[in-house]
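We have chain A already, so just place chain B on it with the hints.
Here the protein sequences come in this chain order: A and B. What the first sequence shows, in the numbering used here, is residues 1 to 480, in sequence order. What the second sequence shows, in the numbering used here, is residues 481 to 574, in sequence order.
In short, the hints are calculated from the structure, not lab data. Every clue listed holds true.
Sample of chain B residues facing chain A (criterion: CB under 7 Å; computed from the structure):
#1 Ala494
#2 His516
#3 Val517
#4 Arg519
#5 Ile520
#6 Leu525
#7 Val528
#8 Val540
#9 Pro560
#10 Pro572
With a straight-line cut-off of 20 Å between C-alpha atoms, the simulated SDA-like cross-links for lysine to any residue are:
#11 Lys220(A) / Thr538(B)
#12 Lys403(A) / Arg505(B)
#13 Lys220(A) / Leu541(B)
#14 Lys403(A) / His516(B)
#15 Lys403(A) / Glu502(B)
#16 Lys220(A) / Val535(B)
#17 Lys244(A) / Leu275(A)
#18 Lys403(A) / Val512(B)
#19 Lys220(A) / Val540(B)
#20 Lys220(A) / Arg542(B)
#21 Lys220(A) / Glu60(A)
#22 Lys403(A) / Leu514(B)
#23 Lys403(A) / Gly441(A)
#24 Lys220(A) / Val534(B)
#25 Lys220(A) / Ile537(B)
#26 Lys469(A) / Gly245(A)
#27 Lys403(A) / Glu515(B)
Glycine is no exception: its CB is placed at the ideal position from the N, C-alpha and C atoms.
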Amino acid sequence: MSATAVELRGLTVAGGLERIRAGELDPGEWFGAYASADDGLNAYLWRADDPGAPGEGALEGAPIAVKDIFCTEGIPTTAGSRILEGYSPAYTATAVRLLLDAGASLLGKTNMDEFAMGSSNENSAYGNVTNPWGTNRVPGGSSGGSAAAVAGGLAPAALGTDTGGSIRQPASLCGIVGLKPTYGAISRYGMIAFASSLDQCGTLTRDVTDAALLLDALCKRDPCDSTSLGIDGGVSSPARTDLKGVRFGVAPDFSADAEGVEAGVADTFARNLDLIRELGGEIVEISLPHAQHGLSAYYVIAPAECSTNLARFDGVRYGLRAGDGGDLTSMYEATREAGFGAEVKRRIMLGTYALSAGYYDAYYGRALRVRTKISSDFEQAFANVDFVVTPTSPVVAFEQGAKAADPMAMYLSDYFTVPMPLAGIPAISIPSGLSEPASGGPELPVGLQLAGPAFSEAGMLDAALALEKALGFEPLEIVA
Amino acid sequence: MIDRDQVLHVARLARLELTDEELERMASELSVILEHVERIGELDLDGVEPTSHVVDITNVLRADEPRPSWPRERTLAGAPDATEGAYRVPSPQA
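For reference, chain A alone in the conformation it holds in the complex (with noise of 0.2 Å):
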């Protein structure tokens, strides 16, 4: 390969189409970058052979990966599921849409866990992802696929999904840019359903920049999706070099010092807090009693509203069958016992029993409260301050295996992201430096999360900028 194509995947969004804009760069080429480097990632489960005839717009000539879990018109769709193997939808999703029209291409259709269910990537039907920064490292999940493409070079940049953290923990964990906006700022149509009341499109990138680039084409309202909002007026790049009176707030026991969190990761997270404070920002202690009971509630919800939007794979209008020699009933439950993995069965069987006769109000009941004391803490802290920040993982990019076998220990990934989709509130993460993974070796990107109240886009990509430009993270150097 030569060093030119190595320098194009290596770009971002913005850098790209300048360079076309200035004449200096053609589309194709940019597209034939990336298509014809290796993926030795596993990131991607299809890649397109050519851009097509992209459209005209902000994103003319920018080729873009997205995650499997968005149908797509005639092109594979899987959501990481054996269940959905050879499935090619009839019609594509209204966020890839957005794209098209706006002159992307599409890349190819990225690796993911199963139905977006994991934090490793580990829970795909076709196989683990590899961080880019550590052959034996897991990239994170749900969106691996997209996180790693973006930062090994497969792509400049890509869309995820964003129930409980599959956006913001992956970007962390490889070193990137995930941003998930509030809840309907981004149509859901035809991006399967998971836990719908939490799902949210968003985007992972190189950088902030991009984010903001991605998005202002992403947020519109869409008559297919009756809970999307959009953005009103857009979102404009941001420009913001300071953070002369921005106040953050810090919870103490939803923070560095929370159980579980990395001393490395704590360490990062206490220089860039100091970092806040050098470029004007105020760092304010507040207080989220209930955001600790986050995962709680989590995992009675995400599986409860998972068990209903999954059961209409059973065989009958799309992808796989098995036992067809028996009852009907019996052909349902042999086509899902062959086609769902186990952490999908896992999460279908506790959100059925958490909705079953008598646990009903034990389980889901409670947890919606407690959803409703969640946001309200959030409520006042947003009282007082900007923006709540915490780390985005307890913990860099783990090996592969390490919590495979031990399902609670793998949730707790997604301790400092589930509170926000509960609340319906945007998060963003940003790669703020890099630490010695507690079990040794080379040191792994850490990510700064940055939450703010609904529809606070604009004023977090904002901040995140400043901080982006101040922390200089280096990206991991692309290979041939």
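Same frame as chain A, now just chain B:
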């Protein structure tokens, strides 16, 4: 916590035909998760309204205008067994 018979009952409700090995593992794994989840039982939640959805909108309506629907063949194209313009399934009493 949750025992093997309860797991079997829930698996039937969820239309999952679990193997014996899966049933055993599920019972222990679900118990660990439920133990964590049950911490919310200690919270005082009296008088707290439940939140099932965070978007403050109700009854999103659109004009009731007829539009063409997808051709039947297009929706049947992905089915594992389609025949005579319909989905074919095993009989409920096979």
